[in-house]
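Residue numbers (the numbering used here), protein chains in the order written: chain A, 23 to 229; chain B, 23 to 229.
Since the hints were derived computationally from the structure, they do not count as laboratory data.
Please read all numbers here as calculations on a predicted model, not as lab measurements.
Check each hint, because a few of them may be wrong.
Same chains, same names: a pair is fine if it fits in one copy or spans any two.
To be verified - In silico lysine to aspartate or glutamate, DMTMM-like type, Cα no more than 20 Å apart, as pairs: (1) K85 - D57; (2) K68 - E102; (3) K86 - D57; (4) K135 - E213; (5) K85 - D152; (6) K85 - D48; (7) K135 - D152.
2 protein chains.
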Amino acid sequence: MNGEEGSVQRRAERNDPHGLRTAIVDSAFEAFAADGFGSTSIGDLKASMGISGGAFAHHFPTKKALGLAVIRDRVAAAIETTWIDPIRRAPDALSGLDGVFLSVIDTLDSNGKVSGCPLGNLAVELSRQDDDFRREMEAIYARWRAVIAERLPHRAPEDPAGSDGAADLAALVVATFTGGIAMAKASQTSEPLRRSWQMLRSLLSAG
Amino acid sequence: MNGEEGSVQRRAERNDPHGLRTAIVDSAFEAFAADGFGSTSIGDLKASMGISGGAFAHHFPTKKALGLAVIRDRVAAAIETTWIDPIRRAPDALSGLDGVFLSVIDTLDSNGKVSGCPLGNLAVELSRQDDDFRREMEAIYARWRAVIAERLPHRAPEDPAGSDGAADLAALVVATFTGGIAMAKASQTSEPLRRSWQMLRSLLSAG
Chain A
23 MNGEEGSVQR RAERNDPHGL RTAIVDSAFE AFAADGFGST SIGDLKASMG ISGGAFAHHF
83 PTKKALGLAV IRDRVAAAIE TTWIDPIRRA PDALSGLDGV FLSVIDTLDS NGKVSGCPLG
143 NLAVELSRQD DDFRREMEAI YARWRAVIAE RLPHRAPEDP AGSDGAADLA ALVVATFTGG
203 IAMAKASQTS EPLRRSWQML RSLLSAG
Chain B
23 MNGEEGSVQR RAERNDPHGL RTAIVDSAFE AFAADGFGST SIGDLKASMG ISGGAFAHHF
83 PTKKALGLAV IRDRVAAAIE TTWIDPIRRA PDALSGLDGV FLSVIDTLDS NGKVSGCPLG
143 NLAVELSRQD DDFRREMEAI YARWRAVIAE RLPHRAPEDP AGSDGAADLA ALVVATFTGG
203 IAMAKASQTS EPLRRSWQML RSLLSAG
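So here's chain A without its partners, still in its complex pose:
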């Protein structure tokens, strides 16, 4: 099986360097979600894909270059697909949010394992380690929050001191998701995310 994958990769290497780059980024994305960035060995990644050090280094001369590619090509795209597109298409903000949370919860339940939010995983592990990583991820959070905020009505804030209801609520939504799925990763069940969203939805419906 490993040999077969290896020969696929060797063909890709000869005929389709872009395909090989994509395959490396895909493998790294999965490995970072399961084991973290720091515990993922580039040597193991190359061995499991059956590719040479030279072919790997051609695309990613450093582990940092691979990390940045995973964040730009896969983590940003995951937030786009899971969050931004459905929120933009939803008839209203609350049904859009409900759709995203319930769809993620369903996916966790049917996967039977919880790898966590690809952005949250790397943001928490890498933000103090490397400022280039951190800035890429800060920008993804900013976009995610802005897209939610622009769908929300501006609520009258309880505390008028510089607060912006839509921006505050967008931050709370992303925090609830990020923290709920972190706890879900620790329990390996969707339960913490499900409870957290159930309560937030109930508070928002009552408001």
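Use these hints to put chain B onto chain A, whose structure you have.
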């Protein structure tokens, strides 16, 4: 400076093996928060403390043993001190929660850097990598949520299907904190945590 620290450690090693163990756990706790578990090198940790491999291995024969000690001795204690004690002492749940969030936000602002939640950092990085780590951290989350839930009034749930208002709200509070501080780590400011709590407090006060 390094030499001076080294000699302190050597004295500790001769006279106070328990002190050396504590010093190693403290250093590892800081290193894991800044760099993550996977990117922390035991060799660097020993070198920066000026201690021998033998003395280190006497206390922690493996990196995993050190990780478990950090979770049991320091991460659990951090949740106890920052969250559980103040929530238990507070006159009521909402003022207790407000006190904890505002105190963490103040600390982040005066530190001028955000290392994140010690529990969230390791839960997100390690929960799929190692089931022993995961179970320790799952138990800390369970205790944290239970202590908050027992201070909360049971609210009439919007959705009666198996929901428990206090448990749901406790999950939402811990998710808001965990996710808010993850985003704060990515931005290196308290802003996402402050906005998230501001909105949750406002929703809870209105309810």
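A quick look at each hint next to the structure:
In the homo-oligomer, the alpha carbons of K85 and D57 lie at most 20 Å apart both inside one protomer (15 Å) and across protomers (15 Å), since each shortest distance falls under that limit. Proximity of K68 to E102 under the C-alpha cut-off of 20 Å is found in neither arrangement, the shortest distances being 28 Å within a copy and 43 Å between copies. Within a single copy, K86 and D57 get their C-alpha atoms as close as 16 Å, and across copies as close as 14 Å, so both meet the 20 Å cut-off. For the homomeric pair K135 and E213, the shortest alpha-carbon distance inside one copy (12 Å) is at most 20 Å, but the shortest distance between copies (32 Å) is not.
In the homo-oligomer, the alpha carbons of K85 and D152 lie at most 20 Å apart inside one protomer (12 Å), although the nearest pairing across protomers, at 23 Å, exceeds that limit. Taking the shortest alpha-carbon separations for K85 and D48, only the intra-copy value of 14 Å comes in at or below 20 Å, while the best inter-copy value is 28 Å. Only between protomers do K135 and D152 lie at most 20 Å apart by alpha-carbon distance; the minimum there is 13 Å, versus 29 Å within a single protomer.
In terms of the numbered hints stated before, the structure departs from hint 2 and from no other.
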